[in-house]
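Here is what each chain is made of, one letter per residue.
4 protein chains.
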Amino acid sequence: MAMTGVLRPGHVQIRVLDMEASLTHYIERMGLLETDRDDQGRVYLKGWDEHDWFSVVLRPADTPGMDFTAFKVDSVETLNRLEQSLKDFGCEITRLPAGDLKHCGERVSFISPMGHTFELFAQKDYIGNGLGNINPHPWREDLKGMKVHRFDHCLLYGDDLDGAVKLFTEVLGFQQTEKVVVGPGGSVQIASFLTCGMKAHDLALIRHEEKGKLHHVSFLLRSWEEVLHAADIMGRYKIPIDIGPTRHGITRGRTIYFFDPSGNRNETFCDSYDWYPDHPEITWTEDELGGAIFYHDQQLNERFLSVVT
Amino acid sequence: MAMTGVLRPGHVQIRVLDMEASLTHYIERMGLLETDRDDQGRVYLKGWDEHDWFSVVLRPADTPGMDFTAFKVDSVETLNRLEQSLKDFGCEITRLPAGDLKHCGERVSFISPMGHTFELFAQKDYIGNGLGNINPHPWREDLKGMKVHRFDHCLLYGDDLDGAVKLFTEVLGFQQTEKVVVGPGGSVQIASFLTCGMKAHDLALIRHEEKGKLHHVSFLLRSWEEVLHAADIMGRYKIPIDIGPTRHGITRGRTIYFFDPSGNRNETFCDSYDWYPDHPEITWTEDELGGAIFYHDQQLNERFLSVVT
Amino acid sequence: MAMTGVLRPGHVQIRVLDMEASLTHYIERMGLLETDRDDQGRVYLKGWDEHDWFSVVLRPADTPGMDFTAFKVDSVETLNRLEQSLKDFGCEITRLPAGDLKHCGERVSFISPMGHTFELFAQKDYIGNGLGNINPHPWREDLKGMKVHRFDHCLLYGDDLDGAVKLFTEVLGFQQTEKVVVGPGGSVQIASFLTCGMKAHDLALIRHEEKGKLHHVSFLLRSWEEVLHAADIMGRYKIPIDIGPTRHGITRGRTIYFFDPSGNRNETFCDSYDWYPDHPEITWTEDELGGAIFYHDQQLNERFLSVVT
Amino acid sequence: MAMTGVLRPGHVQIRVLDMEASLTHYIERMGLLETDRDDQGRVYLKGWDEHDWFSVVLRPADTPGMDFTAFKVDSVETLNRLEQSLKDFGCEITRLPAGDLKHCGERVSFISPMGHTFELFAQKDYIGNGLGNINPHPWREDLKGMKVHRFDHCLLYGDDLDGAVKLFTEVLGFQQTEKVVVGPGGSVQIASFLTCGMKAHDLALIRHEEKGKLHHVSFLLRSWEEVLHAADIMGRYKIPIDIGPTRHGITRGRTIYFFDPSGNRNETFCDSYDWYPDHPEITWTEDELGGAIFYHDQQLNERFLSVVT
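Residue numbers (full-length UniProt numbering), protein chains in the order written: chain Z, 1 to 309; chain E, 1 to 309; chain P, 1 to 309; chain W, 1 to 309.
Fair warning: there could be bad hints in the mix.
The list cannot tell twin chains apart, which means a pair is met if one copy fits it or any two copies do.
[Said to hold, decoys possible] Within a straight-line C-alpha distance of at most 27 Å, the following computed DSSO-like cross-link-like pairs (lysine-lysine) qualify: (1) K179 / K238; (2) K238 / K102; (3) K211 / K166; (4) K179 / K166; (5) K238 / K211; (6) K238 / K144; (7) K166 / K238.
Treat the hints as calculated values from the structure; they're not laboratory data.
The whole structure should be built from the sequences, with the hints applied where relevant.
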């Protein structure tokens, strides 16, 4: 098969301070669908066009941030093989049993050199996208708010970027699609955009003094008109916007950044390019960093660069 | 790596009756870029966002239609391996030397059970998408007409659909994303949509009494607004439209079909869904065939179904 | 004031065969809002962004078609003045009392030379667009289906086009923005597009052998994306489409035509140009009639031209 | 006729510091068309869909800002009548001869209570929108950059807002569509949006300590996709953006603000609502002023509020 190994971002567990406010945000405003709850008080959500049982888990907590994010792999064999490769790379591994997250099979958990907890899993219950698989309509009419299509990726901040890039590319088979370099001769890489398939990014990593921080959790929309609609929802409900609507140079996406009620940053975006393994890596340099991040106004934004959870 | 084996549609060679009229059509109206010509009178073209040297070859001929279409594979090793697999499957293979098509490496040519000539190749010269790989702008300003982004796929008509599906799925590692079935209990499959990556289709096949016919060559746009713009170009230059703008049930695409000056059908479309190997296959049945093909008016269109080259 | 005299299309009364099916169509699918009913079984509707109490009246009947359409004028003085002008022109006038249509003041009814019943009125109760007039949100979140913004205009078929144009331009102060001419030297006008404000058309008239026929009732959308959404609603609910999505040459609108359950044709469209009284009249000639009507495929459509109610 | 008196904004004369840089900005980037120059070094421009000879005049100067802006009236009779009304109101009038601006008839110039020079004129040479008036295509293919459709309106800052509103509504027949009030009980009006036709605003006025300042000159686009394209042009050419893409609460427009090379603020926007004289005036209060101005992020922007030329 052409798509093998690590398939895609599978889920992210986000810490929230006020579950009711968070459910209003993620369900009523963003349009995620609730699919289950568990006895730890966690709520399971998914974007409408995802087929697996959940992709976002909200956990009640005292501090915001990300507990972990996971990638789905194509088979149990791949899961076992990659577990060994991670051990060989020097990662400490935890095997989490099936059912530890409801509807999810065994998970292989490890901590990346940047301090984030990642997981791999091969199995999750199928729930479907609500259209059915026989003569489906091409769209759903019953969605709320921003109608986000799927959990798309995370952007994470941490210290050992070089180590994390090495792990994802050499052990897990990701490719680096784009990078940002600074310093004399571009000698220091400060950002990496990584794909495990045909998306411009399935994971983004930024060098930062502190380990294990979350910059944002991103959700896919399908058009610039849907980006406007998302912004209109934010205006109507006074959801704090960080920046946007605007466009990235990096990945070409059209985007808005905003905050959930706990202060975790979300992104809704549409339309980057399709990646293939024989495409060239793109490099962004310090002098064009403004346009790399926000193409329209070409200016760096202190809050965008520094606020993390 | 996550994307392996057959990567994507690499090129299509189209027979055209009047080269000058065809160049006006494909370059001035559709926005393909000319990248070379050869001593057989063939003209090489590409969509702006493709990185390889060409994806469309126009060959002067007395009858319209498709000479062949090719898929790029990830390496010479894969090329050799798949050549053997094709032989084992029973295909007669022709090895075409590097340079037979300019800028293209060796090609493995074979005839599918439906009578079409397909090729595999592993190497093609890199020309880039014109944005550069250092601090690229996310768009090109110098494009013409419909500004098509890439050659996306072919839809082909032929007799032995079952055999062709078997070849593409069992030998070349494609997956069937959607299919159409008719007859008692849906016992006869008449259409297959096949992917080698994350696109809803990289190849579409329709059962038809005659071998080796071309229904259309498809090109990607990025938004419904770009579909409107393409239609406005067709109106301005009286390019004959077959149907559209409209939307498919199958693959969800927003689309227009029209004809090149030789009578070959083209498609410009945008926005189907992302496929993953663990997604369910979608089945369309005879009673909903109108909406499967054209979701808006839900009606079959005799010309669309029967005119091929 | 800069806008005086006849202001805009105010309402249309449509005959429907099955009221329940019609309410599903006009309310659930098109997104009109019900604002009242009366003891004749009539149902009053409005588009969300209209401020007057109603703009569409559905009347239960045995045959489809239009009973009448009305224009709002700026004052009772104007109403009285235009009544006299219509009498002077030779029209037979009927004064309908306030309340004959609920929430509507006195109406001056007359029959145009093409056989249609038109009305003028100066007063209708104010209901608002639901956004309020203090710090309004710029959009409504609670709308259904196609979310049509307003009743926009009617296109009517009848015999004495020249007489009707004379009446609307000389008596009621309309301007002809566009016209279609056929025959030797363009000697016969077959279509007239008339405005009473800054819209490209507030009324459209086509020459036809039979008096008093309705071609379509048109509703405004705000973007090509909304036109797609309207088409997606039609596909989902198998509402019969006549033609579209497509674009007109005449008025430049992007459009879809479809039928209500009684066989009355509806249009949803967006985005023509702004008209000013010093703009030139546009003329369409017989040889370009295909593109005048449907710009994309440039072809006349027999059903579109001949089916009326 | 339904549209009488003052018809629309007719032109604006902008002071620019560097004509070559300004021509690049207004022609190559914004897409205005040059239609003439005069012996004062002034350059005459128009948006493609305007029919009169020019709507923007660039004058070489040492300071940026607006010299004057003008409204077209429906006839010489109206011009003479309004001249007398302005005199009666207490304005000092200057009659400028035909040809003082090339292609333009006599102009009646007056200074408003806020200190800006306004003009009225009844006649300007016709140049057309380049589509022709016989079987026109509904769009132009030869446009550059942002492809702005027309000069739409000015927003001006000055001291005597009450006096200016009185002049425009009582003398020139404008209506106030929206207003902003602050202070105890909303006792102080600080902004007025005024129409002379069916647009949500043909002129906007803001209370400010200094007389006669320009906040921005606005140009019309036709869709949110065109707003994105305009922003992409700004990114590509590093045109300084003030804010946007975003949306206003006031007038509902989708918009971007940016600066010309002289520091004059420009706006490109699309899609506000249609106004009729019987629509209610909208009031914005101090507590919702953030959302009134920028609906998405609901925050006031110091630079947007205070930088004028």
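Within, between, both or neither, where K238 and K144 count as close if Cα-Cα is 27 Å or less | both (17 Å within a copy, 23 Å between copies)
Given identical chains, is K166 near K238, meaning Cα to Cα at most 27 Å, within a copy, between copies, both, or neither?
-> neither (41 Å within a copy, 35 Å between copies)
Give the relationship of K179 and K166 under a CA distance limit of 27 Å: within one copy only, between copies only, both, or neither.
-> within (13 Å within a copy, 41 Å between copies)
Could you place K211 and K166 in one of the four classes (within, between, both, neither) given a Cα distance threshold of 27 Å?
-> Classified as within; 17 Å inside a copy, 50 Å across copies.
Is the C-alpha distance from K238 to K102 at most 27 Å within one copy, between copies, in both cases, or in neither?
-> neither (33 Å within a copy, 39 Å between copies)
Alpha-carbon proximity context of K179 and K238, limit 27 Å = between (34 Å within a copy, 22 Å between copies)
Since the copies are identical, ignore which copy is meant and state whether K238 and K211 lie within 27 Å (CA to CA) inside a copy, between copies, both or neither.
-> neither (31 Å within a copy, 35 Å between copies)
Hint compliance for this structure: hints 2, 5 and 7 are not met, and every other hint is.
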